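A.B. asks: Dock chain C against chain V, hints included.
Residue numbers (numbering that gives the first Met the number 0), protein chains in the order written: chain V, 0 to 293; chain C, 0 to 453.
Think of the hints as simulated: they come from the structure by calculation, not from any bench. All figures in this text were calculated on a predicted structure; none of them were measured in a lab. Incorrect hints may appear among the rest.
Stated by the list, open to error - Simulated coverage check for chain V against chain C, where a stretch passes if three residues somewhere in it have a Cβ under 8 Å from a Cβ of chain C: (1) 9-21; (2) 136-144; (3) 174-184.
To be verified - Pairs of lysine-lysine, BS3-like flavour, derived with a Cα cap of 25 Å: (4) V:9 x C:425; (5) V:9 x C:420; (6) C:66 x C:134.
Idealized CB from N, CA, C, for every residue including glycine.
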Amino acid sequence: MRAILIWLTKWGIGFGAILLACGVATIWLGGSVSLPAVTVRDGTYVVLDRYFREAVPRIVLVGSSLTSRLRDEYFVTPGVFNLTVTGGSPLTGLEIVAGRPLLPAVILVEANVLSRPADADLVERYAKAGRSRPWFFRPVRWAVASYERWNHGPESRARVAASLDALVRQPPDNFDNAIYLKRALNEFEADDPTERLQFNILLLKQLLDSVEKRGTRVLLFELPYEESLERARFAVISRRMVHEAFPEPDRWLHIDYPREELRWADGVHMDERSSILVSRLLERALSARLGSGS
Amino acid sequence: MTFTSWQFGLFVALVFGVYYLPWVRRFQVQWLVFASLFFYGFGQPELLPLLAVAVFGTYLFLILTLKRRRIWLPFGIAFNLGLLAFFKYKFLFLPPDKLVSSGAPLIDFLLMLPLPIGISFFVFHNISLLVDLTKRDQPAPNLGDVFLYIIFFPQLVSGPITRAEMFMPQIVPKRFSDVAFIDAAKWIVMGFFFKLYVANNLNEMTAYMAYPLYQTLQTQDKWLLVLLYSYQIYADFFGYSAIALGLGLLFGYRLPVNFNRPYVSSSFSEFWTRWHISLSSWLRNYLYIPLGGNRRGAARTYLNLMIVMGLGGLWHGAGLGYLLWGLCHGLLLVIERPLLPYIKGLDSTPLLPVRVGFVFLCVTLLWIFFKLPDFDQASGYIAGMFTPSVNPNPTKIFYNLALLYSLPVMIQHLPVTGHFKQWRSKAEPYLYGMLAALAFLEAGPESAFIYFQF
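Extracted from the complex, chain C is given alone in its bound form:
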């Protein structure tokens, strides 16, 4: 059940309708937990037991950690990382086509299970829960609240990765009159617009980046499609995150904002404060700082950056391409770090677009490893970008259509000045209505959210 399906619309309407009934107020948490389990089980019912094991296991370790943190916290984290390692990375060592029966039906069943949707996200929620809630001496939260934090359906599949200390205090009875309807509507409309109008339409064009189709492209079109993919992946993930935020508001929960115009970043370190903010914050708080952050000298800081970004890459997928993507970002951060004070010293208005353009170019080129996780295919594509095309029948790409579908991302990244801001606030409801109509009329063919695979 994807966010863009009619079944999901019906599901949300039903859950919302019941949620605010006066006699349900005492059971709002339980109702949301039930709805979230239904949402997860709708796609992969066979994986519901895994979700239950993850939540009950984490809750058990939470109780134990609250008693003796030093001893039980590492076990709790290892339990969750073990789940992630088993389900996400088993196929690195055991390719599905080479699996042979072990003779034990349970082990065979577990080995053959597909990658559970959202495992990368809920495992990070679990770790956040164990770390955040055991910092201070406080009573254990009840199981229902823990369940809700981990499996709250708007953020279950692809985040945003919410910190436990931010979410748990929000678990209180909610009233219909407190719902931030306008904010929720804005996020939801914006999310659907970016997903349906931008991402799904661009997806039709970037489909030509797949192997072996890309060999039919002209050299300049290979460059164009990388650019379009950069816009597509942003629109896709921003769209998902915006819908999640809006849905969260409908149920009275404020989830963290995940994007802040990332393509205007003038440095790579700034990019990571604007792109997938909830993941980079998680990695900073639970990995980079515990590793020592920048407090143990330059060499150790660089090593920490490479470790964090490399693992961040692998978090996205079990493949060399993802690791390479993360390491390349780590390397860019390492190279940039000592130079940044000098670059900032030279800072001037004409230099800023050059810096923004350079960061955007590097980030965009690295998305190739996302689109083509197979390393040979990705390197083949990159080589093709620097080789003249001689194919006499190249694929036709409509440049004007590409521009019109990318335009919302470009406009969103423009700075908003005072006069325009004033005009926009007056026209805002009409504009959101028009965006919703355009998303409906001009929606591209259904395609899964890119981050669902992670």
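Excised from the complex, chain V in its bound form:
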């Protein structure tokens, strides 16, 4: 029995030493590095953690995975934050932003995919107090994140802009997306979002009302789909119902998309070049709208 106790004591020392080291390191370093996003969910946490860590931005985008392609660095204007929950609903981001004490000046809400419910788990975790800091960080992920940051450190804004400009100057990609498009079309034709939209539109109205009362300007926008998807059942019903619910032209940020320049790698989501073009058009439309004072 004595041998067992000695073994277990040594075991406890090994266990405690690692835990203590990670506990101290969490206090010292915790939150300084975003852990690598292995899954879509991880990516969501990274974005939301960053939103809570940084100063309140001037403009926030909330949307579905369609909007997630419009990365912050594609916008020339500083202070744009894309708070999109990939694979989720624009309502999730909007509810989380609405739950914060300080709001951005402008919120842009994507209106394409309003049929999905808000992610209750994420809203619960972030809307009120923000994500609580864990007691211990994940040492392996932290080491990988540090290595990635050291190896691929952030580039200067000018350098990023130059590489994006170079990409935009290239001709549109000719990737054959027929298989993906066919699958997306089948899904779009099979889905009738009417019931879900009725509920979510009501929730959206409440949220808009609540943030606008606090002085934030909210505009809706639509992103383009590939031509055949625009005519599919899901897109047609969604567009009709959202426009019926929000008929005021002032509520919308209208953008004329150069369709011949745009490509959808998987039939639904835009490729990088198209996303840059759309981000810049969106930015221009927003400046025009805010500049005109309407």
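C.D. replies: Chain C only, in chain V's frame:
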């Protein structure tokens, strides 16, 4: 109630605490049977009657077989295979979406029942019981002991498949002072580490192998993920088996070791002596040898190998993919068998890594049929491994993270030399403590044990 849940931890603590109380010693078997029934019923209470039917039925056939083996043994085996066939393979012929009411509520209820967890394992236990205990003229064991052998909770859901002649003699009163605590702790810590740190983290990455996600992967990443899945399935099942072994020791039962560094096998026949050892031993003892084994000429041996591996594949699941997986392994064994003496004749140190690498590659590629049991999806994935990817937005896989999560499997498979062995034995308790801490800190998101579905 999975092994990695807090409820299970509480359950084990309670069962263990009561088990060694002095006034419970006379009822230890009954207490473990009760605990095992609670464990099984916690997940699928509606299937407890099935478990009871399987045990009582097998016990009845055991009594009858002890009287007239020649007549009753085939019936006992058929009864158990019938249960397995009905519950596991009914959906091959009756897809759930095409089931119509038969008008008889009991038949409808049975047809609609889900696959009972662990049925593949406890049916094999039952057959082992019928065969092993009736070889010699001996009195029938009591019902409580039979119950314990079949439903002992650490091995009930996913094995190891313990032979009756190995388990039954261990059923004697147990004392707290005899518990092999250190061995039990080592197995349990190792098991949790491989499951939580390796398998659950790799599972996040290999999730991209699912259809249609895999179409977003680059070609080289498709290869990488197959490799990672190979490590994941090992870590997952080794982890489960190690926890089961450790728990068995806590209650005074030594269960068979299920894995012995399978990815260092230099032949396919060696692989099957190192991977899921309890299943391959069962198939050898209760199927391959009764079929004639290798005693009836080369052609019959090859046929026996194909039958055993094909059925072994189907044992994992009712699907073409599993059958194909088993048959491919059978074919590899058949091709290898006549060549093995020549290869061994050429044996040299430089050739060994090539042989090990080749066996590992083939075994790893065949795991695709496990990950994607739908044949069309599996063949689509394999085709994608040999076609350049043109997707402009491929999924990003962190290679360094993949390496760090796979590393324990690689290290475990390395040979241990004398000097390192000496150092390791001194540092062992500290290392196990660190592994436990790492499993706690770096645990991947909860995912079911892969072998639970079988």
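A.B. asks: Each hint needs a verdict: does it hold in this structure or not?
C.D. replies: Hints, one by one, checked against the model:
1. A stretch counts as covered by a chain when three or more of its residues have a beta carbon under 8 Å from one of that chain; for the stretch 9-21 of chain V and chain C the count is 11, and the coverage holds.
2. Interface restraint, the stretch 136-144 of chain V with chain C: holds (7 residues with C-beta to C-beta distance below 8 Å; minimum three).
3. Judged by the Cβ-Cβ criterion of 8 Å, the stretch 174-184 of chain V is covered by chain C as claimed, because 5 of its residues qualify and three suffice.
4. For the hint linking residue 9 of chain V to residue 425 of chain C, the alpha-carbon distance of about 10 Å falls within 25 Å, and the restraint holds.
5. For a cut-off of 25 Å, the pair hint linking residue 9 of chain V to residue 420 of chain C stands: about 18 Å separates their Cα positions.
6. Restraint check for residue 66 of chain C and residue 134 of chain C: satisfied, since their Cα atoms lie roughly 11 Å apart, inside the 25 Å limit.
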